[in-house]
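J.: Quick note, the sequences are listed as chains A and B, same order. If you're matching positions, the first sequence starts at 1 in the numbering used here and goes up one per residue. If you're matching positions, the second sequence starts at 1001 in the numbering used here and goes up one per residue.
Bear in mind the hints are in silico, worked out from the structure with no lab data behind them. Backbone N, C-alpha and C define an ideal beta-carbon position, used for all residues, glycine too. Where hints are given, some of them may not hold.
Derived, one-sided and incomplete: chain B residues facing chain A with beta-carbon distance under 10 Å [said to hold, decoys possible]:
id, residue
1, 1158
2, 1163
3, 1199
4, 1200
5, 1213
6, 1259
7, 1280
8, 1308
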Amino acid sequence: MSRKTVTMIVLLSMLMGLFALPVASQEEERWVGSDDLPVNPLECPEGFGPEATEEPAEGAAEAEMMEYDGGQPVDPPDLAGQEITLIDIPKLIGIGYFNATTAGMQEAAEELGNVNVSTDGPTEGDIVQQIEFIERYITQGVDGILFAANDPVAISPVLRDALAQGIHVVGYDANSEPDAREWFVNQAEFNGIAKAMMDSMVQEIGPDGSFAIVTSSFTAPNQMRWISEMWAYAQKCYPDLNWLETVESQEDQNLAFQQTQALINRYGEELDGVFGMSSVAFPGAADAVQQAALCSPDDADEDVAAPSEEEAIAIVGLSTPNQMKPFVENGCVESVVLWNPVDLGYAAVYVMRAVVDGELQPGDTEVEAGRLGTLQVVNGSEILLGPPFVYTEDNIFDFDF
Amino acid sequence: MAAVEQQPLQTETFGQRLRAWLTRLVISQEGILLIITIIAMLVLSTQSDRFLTARNLTREAVLLFEVAMMALPMTYIIITGGIDLSVGSIFGMSAIILGFAWQDAGLPLELAIAIGILSGMIAGFVNGLFIVRVGVPPLIMTLATLALYRGMALGISQARSARGFPDWFYEVGRGDFLGLPWQIWILGAAILISAIVLARTSFGRGLYAIGNNELGARFAGIPVDRYKLIIYTFSGFMSGVAAWIFTSRVSTTRSDMGTGIELDVIAAVVLGGTDIFGGSGTIAGTVIGLILIQVLKSGLLLSGVKGDATTVMVGAVLILAILINNLVGRFRS
Chain A
1 MSRKTVTMIV
11 LLSMLMGLFA
21 LPVASQEEER
31 WVGSDDLPVN
41 PLECPEGFGP
51 EATEEPAEGA
61 AEAEMMEYDG
71 GQPVDPPDLA
81 GQEITLIDIP
91 KLIGIGYFNA
101 TTAGMQEAAE
111 ELGNVNVSTD
121 GPTEGDIVQQ
131 IEFIERYITQ
141 GVDGILFAAN
151 DPVAISPVLR
161 DALAQGIHVV
171 GYDANSEPDA
181 REWFVNQAEF
191 NGIAKAMMDS
201 MVQEIGPDGS
211 FAIVTSSFTA
221 PNQMRWISEM
231 WAYAQKCYPD
241 LNWLETVESQ
251 EDQNLAFQQT
261 QALINRYGEE
271 LDGVFGMSSV
281 AFPGAADAVQ
291 QAALCSPDDA
301 DEDVAAPSEE
311 EAIAIVGLST
321 PNQMKPFVEN
331 GCVESVVLWN
341 PVDLGYAAVY
351 VMRAVVDGEL
361 QPGDTEVEAG
371 RLGTLQVVNG
381 SEILLGPPFV
391 YTEDNIFDFD
401 F
Chain B
1001 MAAVEQQPLQ
1011 TETFGQRLRA
1021 WLTRLVISQE
1031 GILLIITIIA
1041 MLVLSTQSDR
1051 FLTARNLTRE
1061 AVLLFEVAMM
1071 ALPMTYIIIT
1081 GGIDLSVGSI
1091 FGMSAIILGF
1101 AWQDAGLPLE
1111 LAIAIGILSG
1121 MIAGFVNGLF
1131 IVRVGVPPLI
1141 MTLATLALYR
1151 GMALGISQAR
1161 SARGFPDWFY
1171 EVGRGDFLGL
1181 PWQIWILGAA
1191 ILISAIVLAR
1201 TSFGRGLYAI
1211 GNNELGARFA
1221 GIPVDRYKLI
1231 IYTFSGFMSG
1241 VAAWIFTSRV
1251 STTRSDMGTG
1261 IELDVIAAVV
1271 LGGTDIFGGS
1281 GTIAGTVIGL
1291 ILIQVLKSGL
1301 LLSGVKGDAT
1311 TVMVGAVLIL
1321 AILINNLVGR
1331 FRS
């Protein structure tokens, strides 16, 4: 062996070691856009993942035993059965998603007959402005505050102020710290959504495909949770999937469009699928794929030139049906994963009414919520809306929000 | 005899001077703005009995704090004919660096606070350095650093936020001193010092001279470059202090904090009568401008106007205030 060959081999192995190092450390870490909270992946579908996982019952029992960890208002006035005025302060106003929760709230208020609820908030998802709105509505004097937090920690001091002044506080969609509100209506457990998302994606690209994620922001708590659970679930059930990259879209559809275009250009044929993690990221991503003429070829009725199976890009994500209808209609998108935000707003008002009436108290395990029936209490002080909902070609046109 | 004659003469002069002074005050830009603010407060107080309460006013003062702290140096900068669009990004970056130095670098929190503020000063100094030495127009330079500093905040934070500070850290953001929130004392002192420096020192007069005629100011021996460096660094410093106290109030740091806040700052300064082309303006005007905007935001919401409609009305009142100001300005000369 010549000295040159030896040198080459040494250099090559060093180079490989250099690459192996970050890979090895990445194995421990989670995917970009995740948080560092514990994860709890659900059961794999038939034929994937490890054989029959042991004692799932133990985990469930543990969750049930978790004690109430919410906060309580200080000397709230007794308004049981009386007319109450609520203010709903979502992350931002003027987008389809929160219009739908507002619609659900109005529906519940009408049914109950003794609730006035109005929605107000910033026009951008900005925590600084959201805090100002809450401060001012505390001053104005309301009986209860419903909120969807732009930041779980930053919103907490002002909510504790509200509790200290005897105002009831119930969160929905995006949580605060538990002791800063009484209850939180959880639209879907993160592991449930993660499972639905990954299963839908694997159905389209197979268990060894490559995909990228378009998230709203690396600091949005919901998005971070979902990505963590998706990562954990994929590690368990689809270890051969190839995770390419996570990019931010800042609740801006145009940016989501540009980011997806950049992904298509960067990865070319390697890119098999894209997750759109929010109601603006998803249509933005779908639009980019459609304009690049890379929608799945299995829709023969499309008059655009169908790309080869290699090039085609599947898009799966979270969004409201109305925004995705055009893409579902022309076959570009097959599954839209979500809960029903109308139900979410509806449940939030019912929970608030039950709290004010004293029907939902710390330690209770369920609550009646009108047409939704009985909802379960999970994680101490959260109320679970139910399993996620996958909108497809067959049912999406039954919904209008 | 002479003394008897002088007596009525002197009184008359004093009366005349008082009247002239009052007229000047009323038709000055600050005076008109003050009258509009008082009218707005009176009208809004009839709409909600929770508006003109000590509780609401202190709460609003706390909400106003960050914008107000940045509006003081912004007044200086706009008087010289410059602008600083990067204050919101410096604000976000300082907060992130504070959190990073404490949580990730493991430094004592006192030191982390100092580093956060220092990083704001350095960011402002860099703005000033390029404007002065390279001759980049302030609009271009700070537009570039608006993106640059925000990008650094995102990069340093890696999407993670610092939280779980010790209890004493929250005192300045949420605690009281002699019955009033800390923010009011700090802001009060900052306003007083900024106003005195601008109105009563050669440095302050130098800023007006730069805004009126920069070349002339140079020939007059005013150290134009040094003054500019000082005000942009001061701007970074105030953004850093605001970031520290804001972090203390909301108990966490986020890389998107203060996005778009520069527009609120500039709006208040310009509403306060500072000429966007430089040469004139006062701290008093800026303070009244800040108060007017805050009064409208708070009062309208308490009277039952929704947030989006409030934004429209604030915009309308801004235009109205400037129109009235211009109208009276014609009589002024």
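J.: Indicate, hint by hint, whether the structure satisfies it.
T.: Hint by hint, here is what the structure shows:
{"no.": "1", "hint": "1158", "result": "holds, 8 Å"}
{"no.": "2", "hint": "1163", "result": "holds, 5 Å"}
{"no.": "3", "hint": "1199", "result": "violated, 32 Å"}
{"no.": "4", "hint": "1200", "result": "violated, 34 Å"}
{"no.": "5", "hint": "1213", "result": "violated, 39 Å"}
{"no.": "6", "hint": "1259", "result": "holds, 7 Å"}
{"no.": "7", "hint": "1280", "result": "violated, 31 Å"}
{"no.": "8", "hint": "1308", "result": "holds, 6 Å"}
The structure shown violates the earlier hints numbered 3, 4, 5, 7.
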